[in-house]
Structures are given as C-alpha cells and as structure tokens.
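Chemist: Below are the chains, spelled out letter by letter.
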Amino acid sequence: MKILYFAWLRQRTGIGEEDIAVPAAVNDVASLIDWLKGRGPNFAEALQDTSTIRIAVNQEFATLDTALTGDEEVALFPPMTGG
Amino acid sequence: MAIRVQQEDFDVGAEIAALTANNPRIGGVTSFTGLVRDMADGERTSAMTLEHYPGMTEKMLAEIDAEAHDRWPLEASLIVHRYGRLEAGDRIVLVIAASPHRDAAFDACRFLIDWLKTRAPFWKLEEAQDGSKRWVEAKESDDDAAARWEPNDGKKKAG
Numbered sequence: 061m062k063i064l065y066f067a068w069l070r071q072r073t074g075i076g077e078e079d080i081a082v083p084a085a086v087n088d089v090a091s092l093i094d095w096l097k098g099r100g101p102n103f104a105e106a107l108q109d110t111s112t113i114r115i116a117v118n119q120e121f122a123t124l125d126t127a128l129t130g131d132e133e134v135a136l137f138p139p140m141t142g143g
Numbered sequence: 524m525a526i527r528v529q530q531e532d533f534d535v536g537a538e539i540a541a542l543t544a545n546n547p548r549i550g551g552v553t554s555f556t557g558l559v560r561d562m563a564d565g566e567r568t569s570a571m572t573l574e575h576y577p578g579m580t581e582k583m584l585a586e587i588d589a590e591a592h593d594r595w596p597l598e599a600s601l602i603v604h605r606y607g608r609l610e611a612g613d614r615i616v617l618v619i620a621a622s623p624h625r626d627a628a629f630d631a632c633r634f635l636i637d638w639l640k641t642r643a644p645f646w647k648l649e650e651a652q653d654g655s656k657r658w659v660e661a662k663e664s665d666d667d668a669a670a671r672w673e674p675n676d677g678k679k680k681a682g
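Quick note, the sequences are listed as chains A and B, same order. Residues 61 to 143 (this note's numbering) make up the first sequence, in order. Residues 524 to 682 (this note's numbering) make up the second sequence, in order.
Simulated from the structure, these hints should not be mistaken for laboratory data. All figures in this text were calculated on a predicted structure; none of them were measured in a lab. Even for Gly, the Cβ is constructed at its ideal location relative to N, Cα and C. Any given hint might turn out to be false.
Looking from chain B toward chain A, a few residues come up when the C-beta cut is under 10 Å (computed) [unchecked claim]:
{"hint": "1", "residue": "524"}
{"hint": "2", "residue": "526"}
{"hint": "3", "residue": "554"}
{"hint": "4", "residue": "557"}
{"hint": "5", "residue": "561"}
{"hint": "6", "residue": "574"}
{"hint": "7", "residue": "578"}
{"hint": "8", "residue": "580"}
{"hint": "9", "residue": "644"}
{"hint": "10", "residue": "645"}
{"hint": "11", "residue": "646"}
{"hint": "12", "residue": "662"}
I would like the entire structure built from these sequences, with the hints used as guidance.
Modeler: Laid out in structure tokens, this is it:
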C-alpha cells in the first residue's frame with residue numbers, strides 16, 4: 061500500500077510517502093489509521109484526532125469506513141487551505 | 524475547460540485574451556485572482572509556501588471545472604493555481620469563466636473559487652516576519668461559501 065502524508069501530517073510523522081505491506085486485518089481506513097498509530101509515538105500523536113484529518117483513497121475523498129484491499133494509494137492530510 | 528498547476532506567475536490579461544480569442548459566442552467573461560495577503564489573523568506574514576497533492580490536485584480541479592460546465596452554459600473556463608513559495612502581493616490563483624451572458628459567468632466564477640477552496644488538495648504554510656512558520660487552518664466561512672453551491676440547495680443553479 062502506498063501512503064502519502066501532507067502538510068503537518070508529513071511533518072509530524074516525518075514521512076512524505078511510503079510503500080508498506082499492511083497486515084491482512086487492515087481492511088478499511090479506520091483500521092489502517094489504528095495500525096499506523098502503533099508504529100511509534102510520532103504516528104500516535106499525528107493521528108490521534110481523526111476529526112482533523114481528511115482522507116483520500118486512490119485520489120478520491122474517502123471516509124473512515126472506506127474499504128481497503130491493500131494495493132491502494134491512501135493519502136492523509138489536514139483540511140485543505142488552497143485558493 | 525483548462526486546468527494548470529504551476530510554480531510560475533500568470534498574466535491575467537493575457538489569460539483572458541487567450542481564453543476568449545476567436546469565440547464570438549462569448550458575451551461576458553469574469554475572473555477572480557487570489558493574492559497573498561500580508562496579514563493573517565492579525566499577524567504580519569511575509570510569505571507562504573503552498574504544498575499540494577500532485578495528481579489528485581489536477582483531478583479535483585478538473586472535476587470542479589466539469590461541474591461548473593454542467594451547471595452553467597459556459598463557453599470557456601480556466602483555473603490556474605500556483606504552488607511553492609509566494610510572497611505578500613503575489614498572485615496565487617486565477618479563475619476565469621466565459622459565457623454568452625454575464626449571470627452565468629459571474630455565478631460560475633464564484634462557484635469555481637468557492638469549491639476549489641474546500642476541495643482542491645492545497646495547504647498553506649505561513650511564514651511570520653519573525654521567521655516562525657505555521658500551517659493555515661481551514662476556515663468555517665470557506666465551508667459555508669462552498670455549501671451555498673451544494674446541489675440540493677436548489678438555488679444558484681443553471682437556469
């Protein structure tokens with residue numbers, strides 16, 4: 061699975077983009093975020109409040125209950141501030 | 524009908540001229556240009572850096588543009604959004620809408636910028652004059668502005 065982090069999520073996790081194998085138990089966005097939180101204190105802190113996080117799966121907006129099979133591109137980022 | 528995401532500046536007059544050239548069906552063209560302000564939440568800022576999600580940005584801008592063409596009888600449209608480091612006074616974003624009549628051009632232009640602000644994956648990192656940096660937080664007023672154009676609203680739709 062390809063995971064991308066933007067803005068303060070990139071800064072707090074220390075990662076912009078990564079390709080990682082996730083456990084089979086990760087079958088939706090919520091379980092992915094729970095698993096990522098267990099990777100270290102920087103992930104736990106960055107992902108603790110999911111109300112401040114927006115999610116895209118394969119470059120389309122998604123929600124915590126969006127299903128994942130393992131070969132998606134998942135992006136985690138704060139609410140957008142363009143324009 | 525055209526989307527550009529770029530670091531370079533743009534020339535508003537030249538973009539309008541190019542977009543409307545050789546199309547006598549266009550009777551009105553409106554544009555919105557967003558600039559970097561030197562003041563945010565009462566604090567002086569000297570510059571900002573715009574980060575985006577290459578790939579999804581272009582996809583979302585194209586979807587927003589297509590939605591505008593579905594709702595209004597547009598002859599031409601353009602969205603240009605810059606990224607990278609920009610200083611106070613610099614142009615950030617340009618939206619142009621051209622139509623046979625002005626109502627559609629005005630409404631579509633406003634729709635494009637309102638939807639872009641809440642749907643295009645851009646993030647602003649502001650630099651204060653003392654050198655400190657902070658991520659700009661999304662504004663509720665931007666959500667409200669975008670919500671005016673929700674399809675179920677029943678208002679401000681193509682007529």
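Chemist: All hints, please: hold or fail.
Modeler: To see whether the hints hold, each was checked on the structure:
no. : hint : verdict
1   : 524  : violated, 20 Å
2   : 526  : violated, 13 Å
3   : 554  : violated, 14 Å
4   : 557  : holds, 6 Å
5   : 561  : violated, 17 Å
6   : 574  : holds, 6 Å
7   : 578  : holds, 6 Å
8   : 580  : holds, 8 Å
9   : 644  : holds, 6 Å
10  : 645  : holds, 3 Å
11  : 646  : holds, 4 Å
12  : 662  : holds, 8 Å
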